[in-house]
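Chains B and L, in that order, are what the protein sequence lines are.
Each residue of the first sequence is one higher than the last, beginning at 98 in our numbering.
Each residue of the second sequence is one higher than the last, beginning at 21 in our numbering.
If you're looking for bench data, these hints aren't it; they were derived computationally from the structure.
Using N, Cα and C, we set each Cβ at its ideal position, and we do this for glycine too.
Warning: the hint list may mix true and false statements.
Covered by chain L, per the in silico footprint, the following chain B stretches (three or more residues, Cβ under 8 Å) [unchecked claim]:
| hint | segment |
| --- | --- |
| 1 | 105-117 |
| 2 | 153-160 |
| 3 | 204-218 |
| 4 | 227-241 |
| 5 | 251-263 |
| 6 | 322-331 |
| 7 | 391-401 |
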Amino acid sequence: VAEFSPGLEGVVAAETAVSEVDGANGRLIYRGGYLIEDLVPVVSYEEVAYLLWHGELPNESELDALRQQMAAARSLNKAARGALTALDPATDPMDVLRTVVSAQGAAKSLTKPTLDEAIALTAVFPTIVGASHRRRQGKELVEPRSDLGHAANLLWMMTGEEPGSERTHWLDTYLVLLADHGLNASTFAARVVASTGSDLVSCVVGAIATLKGPAHGGATLAARNMLDKIGSAENAEKWLTEAHARHERFSGFGHRVYRTYDPRAKILREMAKDAAPDLHKTAARTEEVALRILHDAHPDRPNATNVDFWASVVLTGAGIPKELFTTVFATSRVAGWTAHVLESLSDLRLIRPASRWVGPEPGKKPLQLAKR
Amino acid sequence: VSANSGYVPGLEGIVASQTAISMVDCQNGNLVYQGYVIADLAEQMSFEEVAFLLWEGRLPNRSELDALSLELAGHRTLTQPARVALDALPTDTDPMDVLRSVVSIQGVEHRLAKPTVPLAIHATASFPTILAMFHRRQLGLEPVKPRAELGHAANYLYMMNGKEASPEVVQALNTYLVLLADHGMNASTFTARVIASTESDLASALVGAIGALKGPAHGGAPSAVIEQLELIGAAPDAETYMRDMRKRKEKFMGFGHRIYRVYDPRAKILKEMCRRMNPKFYELAERVEEIALRILHEEHPERPQSTNVEFYSAGVLQAIGLPKEYFTPTFASARVAGWSAHVLEQAAHNRIIRPQSEYIGPEPRKPVPLADRG
């Protein structure tokens with residue numbers, strides 16, 4: 098009988114070429130062998146999505162073709178519009194996303210996942226996130242603009258205004274950074290669903306459902322909420338010391354994988370200075386104090402800042418309200434989810450682990466209802 | 021299991037959870053719910069009693085069962101958004117996609133709520149309603165209002181058909197629901213636990229599980245059993261036809277299971293029910309089963325190639341009068357009890373489920389700027 102490894106920690110559940118988290122050296126490698134810090138200066142989100150799906154960066158004509166295909170797939174179908182308008186505008190945006198993606202993908206019969214479906218699904222996320230935001234604000238929905246790139250179109254559909262190049266750049270960089278990250282819980286969920294021979298939409302809906310959890314995708318919002326409570330750089334020392342005394346966890350710190358500074362957090366930290374100067378001040382001081390407190394408490398632990406901490410600052414600067422953080426995370430990660438599902442098709446095998454029985458000894462006889 | 025232990029395809033043999041909900045005893049061909057062997061439960065317990073057992077760890081007494089029945093009956097309606105979303109889906113939509121979408125929208129009311137038994141009850145109550153409402157819509161008929169005095173199985177059939185089913189048919193569906201209510205760490209249950217492990221909510225876990233159950237390697241194949249039997253039945257000689265199928269590398273539907281080394285205890289019960297209720301199906305199915313097992317044994321004498329639960333399920337569900345597109349959704353209507361029990365158990369002893377992957381891509385290299393790419 099195999100050992101029980103809680104959380105499957107240390108168990109290798111997949112072979113993948115989509116991405117690699119080299120936690121010991123603080124490296125994130127995307128498909129093709131590219132380090133994340135080398136990609137960020139030269140690629141847009143669409144190029145990274147292409148890379149994750151194909152294994153190579155696109156040339157100009159391939160990129161143009163992908164942009165056109167995505168721009169043409171930004172509309173919701175009738176079932177998805179029906180589900181969207183049925184929902185109370187105050188509904189949690191992740192619940193909107195889970196439901197509307199499910200309805201958009203509702204089909205007559207099951208089909209094998211394809212690259213075209215991956216592109217179409219990725220293209221439609223900003224439409225749902227934008228619509229969710231407009232409805233929360235009681236505003237009319239904004240139609241997508243096919244002349245805008247993926248990041249710019251998301252901001253356009255949220256605000257109805259063409260975003261400046263800086264905002265677009267901050268959001269686009271965030272989308273590039275979060276597009277894949279090894280076998281995280283939501284990606285793993287997508288691969289488990291795929292392993293049964295299910296369709297791509299079911300995989301993506303399962304991944305959204307997983308990302309929704311506060312212990313996974315909800316962490317960016319939690320980091321921003323903590324920064325809101327701290328309020329100013331001056332208050333960081335007092336707030337964190339008191340929170341630590343109450344045994345509260347610091348949101349945005351600690352990661353099961355990285356033993357050094359998360360390379361994505363490093364890039365976002367730099368960008369945060371320009372994207373949100375005021376919040377950056379609070380965040381920088383918060384980070385300094387939090388790392389000191391955590392190190393004093395657990396000198397043995399690599400309690401580094403995680404990506405959620407600085408992502409919360411950059412997304413704020415890009416104009417994303419915090420209720421949408423997790424949906425924007427999903428908007429990025431859907432490229433990785435679908436790349437993993439497509440990759441898994443080449444050697445599909447049902448993922449069905451074992452469980453260890455800790456219940457009563459089998460064979461007890463049930464009592465008749467009247468005798469219980 | 022330590023880090024760098026190597027890739028374990030399909031996580032086969034890896035213990036992902038401890039559980040007290042159900043145990044699949046593969047050597048002896050037993051399925052055990054909370055200590056009770058399935059054969060002792062199948063034809064004696066109502067689905068409601070078994071659902072209580074899975075959620076609470078013990079069988080209910082009379083007043084607890086009455087309270088559960090009342091709670092289930094009180095939640096057989098859909099929310100207004102769920103009804104609107106259901107009506108917006110095209111009538112030729114796969115009912116599994118309907119279920120996935122409508123369970124999702126029905127769940128928005130309990131955003132990130134901690135999973136509880138009442139939430140499990142409400143979700144379980146809603147599955148038959150969603151399926152029946154959509155089925156009626158496909159037929160161009162008005163939805164049928166649920167009847168509180170009917171049990172879970174009886175009410176499902178009543179809402180599907182607009183009339184009460186016979187006691188024999190209700191009993192058969194009830195037994196099917198009991199048999200399929202849980203089955204260890206199968207792929208959909210595991211999906212639900214992975215989702216719950218991030219502290220996501222019950223509706224999210226169920227939506228993911230429905231998506232996993234849809235796959236033909238899991239729950240999505242019982243209708244394929246019927247389609248294949250029809251083809252074999254129409255052939256002049258079943259054995260010749262089936263041997264030709266294997267030459268074309270076609271799978272026999274309803275055979276093979278990663279877990280059991282002997283006959284699946286559920287298949288045994290369903291086979292007997294099928295014999296009683298669906299003699300026409302049974303006659304062909306039994307012959308096909310005999311040939312299939314013989315051919316599979318010739319091919320792989322070392323493999324325990326046994327009949328799986330889907331094979332005779334198909335005949336039972338057909339005899340119950342369910343359309344074949346509703347076979348897998350009816351499976352989901354049983355398994356939702358198990359899924360939600362596992363989510364409750366996961367939440368009570370939680371740790372995020374996050375295995376590792378092994379990188380098999382190229383060594384790190386530098387990206388070429390767009391203009392320089394060939």
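Hint by hint, here is what the structure shows:
Residues of the segment 105-117 of chain B with a Cβ under 8 Å from some Cβ of chain L number 13, which satisfies the need for three, so the listed coverage holds. Here the segment 153-160 of chain B counts 5 residues with a CB under 8 Å from a CB of chain L, which clears the bar of 3, and the coverage holds. Under a criterion of three residues with beta carbons nearer than 8 Å to beta carbons of chain L, the stated coverage of the segment 204-218 of chain B is upheld, 4 such residues being counted. For the segment 227-241 of chain B, the proposed coverage by chain L is not satisfied: 0 residues have a C-beta within less than 8 Å of a C-beta in that chain, short of the threshold of three.
For the segment 251-263 of chain B, the assignment as covered by chain L is violated, since 0 residues bring a beta-carbon within under 8 Å of that chain's beta-carbons and 3 are needed. Under the rule that three or more residues need a Cβ within less than 8 Å of chain L, the assignment of the segment 322-331 of chain B is violated, with 0 such residues. With 0 residues bearing a CB less than 8 Å from a CB of chain L, the segment 391-401 of chain B misses the requirement of three and the coverage assertion fails.
Consistency note: the structure conflicts with the earlier hints numbered 4, 5, 6, 7.
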